Every structure is written in C-alpha cells, then in structure tokens.
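With chain A held as given, fit chain B onto it using these hints.
Protein chains: 2
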Amino acid sequence: MKRVKIIASYDGSHFSGYQVQPDARTVQGELQKALARMHKADSWNATGSGRTDTGVHSLGQTIHFDTSLNLPENRWPMALNALLPDDIIILEASYVGDDFHARYDTVGKEYIYRVETSKVKNVFKRNYCFHVREELDLEKMQKAASHYLGTHDFTSFSSPRTAVVDKVRTIYDVSIDRSGEELTFRYVGSGFLYQMVRVLTGTLIEIGKDRMNAEEIPEILEAKDRALAGPTIPGNGLYLSKVVYSEEELSKLLRR
Amino acid sequence: MKRVKIIASYDGSHFSGYQVQPDARTVQGELQKALARMHKADSWNATGSGRTDTGVHSLGQTIHFDTSLNLPENRWPMALNALLPDDIIILEASYVGDDFHARYDTVGKEYIYRVETSKVKNVFKRNYCFHVREELDLEKMQKAASHYLGTHDFTSFSSPRTAVVDKVRTIYDVSIDRSGEELTFRYVGSGFLYQMVRVLTGTLIEIGKDRMNAEEIPEILEAKDRALAGPTIPGNGLYLSKVVYSEEELSKLLRR
Numbered sequence: 001m002k003r004v005k006i007i008a009s010y011d012g013s014h015f016s017g018y019q020v021q022p023d024a025r026t027v028q029g030e031l032q033k034a035l036a037r038m039h040k041a042d043s044w045n046a047t048g049s050g051r052t053d054t055g056v057h058s059l060g061q062t063i064h065f066d067t068s069l070n071l072p073e074n075r076w077p078m079a080l081n082a083l084l085p086d087d088i089i090i091l092e093a094s095y096v097g098d099d100f101h102a103r104y105d106t107v108g109k110e111y112i113y114r115v116e117t118s119k120v121k122n123v124f125k126r127n128y129c130f131h132v133r134e135e136l137d138l139e140k141m142q143k144a145a146s147h148y149l150g151t152h153d154f155t156s157f158s159s160p161r162t163a164v165v166d167k168v169r170t171i172y173d174v175s176i177d178r179s180g181e182e183l184t185f186r187y188v189g190s191g192f193l194y195q196m197v198r199v200l201t202g203t204l205i206e207i208g209k210d211r212m213n214a215e216e217i218p219e220i221l222e223a224k225d226r227a228l229a230g231p232t233i234p235g236n237g238l239y240l241s242k243v244v245y246s247e248e249e250l251s252k253l254l255r256r
Numbered sequence: 001m002k003r004v005k006i007i008a009s010y011d012g013s014h015f016s017g018y019q020v021q022p023d024a025r026t027v028q029g030e031l032q033k034a035l036a037r038m039h040k041a042d043s044w045n046a047t048g049s050g051r052t053d054t055g056v057h058s059l060g061q062t063i064h065f066d067t068s069l070n071l072p073e074n075r076w077p078m079a080l081n082a083l084l085p086d087d088i089i090i091l092e093a094s095y096v097g098d099d100f101h102a103r104y105d106t107v108g109k110e111y112i113y114r115v116e117t118s119k120v121k122n123v124f125k126r127n128y129c130f131h132v133r134e135e136l137d138l139e140k141m142q143k144a145a146s147h148y149l150g151t152h153d154f155t156s157f158s159s160p161r162t163a164v165v166d167k168v169r170t171i172y173d174v175s176i177d178r179s180g181e182e183l184t185f186r187y188v189g190s191g192f193l194y195q196m197v198r199v200l201t202g203t204l205i206e207i208g209k210d211r212m213n214a215e216e217i218p219e220i221l222e223a224k225d226r227a228l229a230g231p232t233i234p235g236n237g238l239y240l241s242k243v244v245y246s247e248e249e250l251s252k253l254l255r256r
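Here the protein sequences line up with chains A and B, keeping their order.
For the first sequence, the UniProt record's numbering begins at 1 and goes up steadily by one.
For the second sequence, the UniProt record's numbering begins at 1 and goes up steadily by one.
Chain A with its partners taken away, still in its complex shape (with noise of 0.2 Å):
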C-alpha cells in the first residue's frame, strides 16, 4: 500500500459539508465513493485536512487516502475527476511516506472571506460572496484585524458547540483587500476552531459599520465569552484556501 496526498477543490453550494454522513451529500462522501470504485472495493477510506461546513468552499483541501494502485503520481487527478461529480475538482497528487497524515500534520491553514459591498446583490455571487448592503470602513477593519494577531484564547471567537477543550491557537496573518465592490478577507493561523473565521470575519464587519469598535477585540478575547462577539456569518463566503505541512511552506505563506 502507498500514500496519496492529494488537493482537492470544491464548490460547497450543493454540498452538506467535507464530512461523510449517511443520506447526506457530502465532499468525503463522493471522494470515498470514487475511490471504492476505482479500487473495485465496497468502500475505501479518506482523511481531510478538517472539516468544511455546509456551503463553505476549497481552494486547497488536502487529503490523504491509501491505495494498492500502481498509478503515476500525475495520473491520479484525471483518473479521480472522471468519477466525481463537476463541483469537486483534483488539483494535485503526490505520493508520501506511510506516517504522513492530512489532519494531524498540519502546521498552518489559510482561509478566505469574501464579501461584497453593494446595494443591489450580484445574483452570480450569491453563493460565492456574503451580501453586505453598507459600505465598510476598511480601515477601521483593518485596525481591529491587528487585534487578532498572535496566539490568544479565541473561545470569544468560536461556536461553543464543539468537544475541542484547548481553545489556543495563533493567527499569523490578517489582511483585508477591496477590489470595487469586494473585500477578502485573508487568515494564516496554525489552526482555526469552528465557526472561527466566520465569527472573526462577523465581527469585522460590525466594526465597519460602525456598530462595534476595533478597541473592544483585546477586552472580547480576555473574557472568553462568545456573546461579546459578533455574528457568525453564512459559510456561503468562506474557503479553505490551503493547509501546510511545514514550516518552509509556512513562511512561503506568510512572504506573500
């Protein structure tokens, strides 16, 4: 048996999530589905990186799955993409040691929130895009992003309904960019909790609309209550954009 390592983009609009379920579509769901029937198997075991919420999207899922193929490493994305459905795409594949594993390896993961600004919505971007009909204060956003750098207890900033007990983690990065009526939001950290960049994204946009201040994110993340924080917003705006195994690949992120 030989490790695959591969990246997998995706449309989550028609998906219930990264993670298989029964009587549900899911991303795992038709990956797994694919591989069992390559391997002419009933079933066939694959590992993401994390889990992606209902209508989130991936720019750069990475899974690792096992198999007893003879295939060259560049002939896995086609032979993948001919058995999935149009809204998962292959990108990449290359074969790993034995003890590499999707989850447990990562050293960082970068996220994606795009908005768009307008009054009338952009019916091409409703599933793509979170609709705010105000302008944002950039800015402003941007001095409370700064907040969020460096390693905090972000339980203010997650859904409480997870088993996860250490609520640590570091961001290393926070942008913001406009391009006319968009804004992306850009995140780097060493891992994010659940409903984490839509809480921290939520907030911002308050903030940029003038109904909470940059000054409070230091006091909302000292009393570890996720009431003080904003809303979460829908996962229709949010992508999966990469996931890193090391610190080289880390620091390459980190240069962009």
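If you're looking for bench data, these hints aren't it; they were derived computationally from the structure.
Fair warning: this is a prediction, and the values are worked out from it, not measured in the lab.
Yeah, the Cβ is synthetic: ideal placement off N, Cα and C, and Gly gets one too.
The reader is advised that the hints may include incorrect statements.
[As the list claims (entries may be wrong)] With the C-beta cut set under 10 Å, the calculated list includes, among others, these residues of chain B facing chain A:
| # | residue |
| --- | --- |
| 1 | S9 |
| 2 | I89 |
| 3 | R126 |
| 4 | N127 |
| 5 | S159 |
| 6 | Y172 |
Chain B only, in chain A's frame:
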C-alpha cells in the same frame, strides 16, 4: 392598467431557459408566479425581449407586464425580489407607455460569451464559462471576428431548428478581450438567431485552435450551410447582457 418595464439578471444554471414551459423551472414561469401573487390573481402575463436557452444567463433581460397596482417605480424591484427565488434579481423598473413592447420594440442586443482557457478547470466557473484546455490565438480570432461585422444572412451560423425565415441580421460590434485565463467575447447586433452567438463563438474558438482559418468566414456566410461553421458550444458561457430600445441607447453601447 399601467405598463412596467423591468430589467432582470438571472443565473441560468438551474433554469430550463427563459420561456415558460409546463413542468419545467423557467425564468418567465417564476416571474409570472410572483406577479400573480402580487396581483392576487391566478396567473399574470410577462413578455420578455426574447428567449434564453437552458443554462444561459442574463445581466440585462428586459421584460414588460401590465399592472393595476399603484407602486412607485423604485419599489417594484424590491417587491418582486422578495417573491422571486434567489437566482433571479430585478435590477430596475420603470413605467412606460402602453405601446411599449419588450420584444417587438428592440433596436439591438448585446451578448457576452465567457471562455476559460486553462489546463485544469476552475470548479467555480463550471456553470459560468465554457472551458477550453488549449490556449487560443487571440489575434487570429479577432481577425476572423471582423468578418462577422455588417449585414449578412447568418443561416450558416445558427440552428436550423427555428421557424424564423428571414436570417439576415446586422452585427454592429464584436470584440474579444483577454484577462488572465478568461476570454470575453462581446457581440452587439440588431438581433440574434437561435443559437447564433454560440455558433459564432464556437467557430472563433476553432480558428483560435488553428483548426479553421479566419479567411473561411466570408465563404461560410455565403454558403448558407450550417454544416460549414464550427460547433454550437454550451449555453453555460453565454450572457444576454443588454437590450436596447432606441438608436440613442444603441449608440451608447457602441461607444463603450
């Protein structure tokens, strides 16, 4: 009764085209249902500038209907959008004279066709661009497109499945722009025959791939034989972009 003219944008991905059909989800069907609800009637008629096929999108489909309601112009989009599914958005509404007709009064239309040229398909563009794996020769396509300009019988460049007898149309402007991996083909004309933009663009792509020559276009037009032109490419890259009702609006389009 007053006549209302509206401009509708829609994502054609999940519609069986514009025109109402029994047992199929259509743009006109959804709009007429919303109008019937607003007017507390069993049905309500709406007339579009023309059909769009399955999967074809709109940035500016223009539609008229009559109303007994006394709503200010600027309330119409909001009122309709509240009742319409989220893949149709009404952008504008205005009261027009009783003699205005969205179909018969058109002076010109603009269509856009988007093509993605890349080795690996972008999963987010699968419903919005036609994907071509090869690079296309922009200069050759532009040279070929210039032969489309002017008044011609477009029998060779449209589907024979139509009741329309007069196949003479005028193309006022064609342009092709590249932005990264995306090509945008733009056509302004007096009117377009069934599947005409898809055949015009499909033929340009054959020329961009060096499978046909720009110099063949005049002969193909002359021959009035559909078999000589390139393939009818899919509807997913096609957008009805603008419908104009006066020479003034048309010249504004051409000055862009």
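Checklist entry - Are there hints from earlier that the structure breaks, and if so, what are their numbers? => result Result: hints 5, 6 break, sorted rising.
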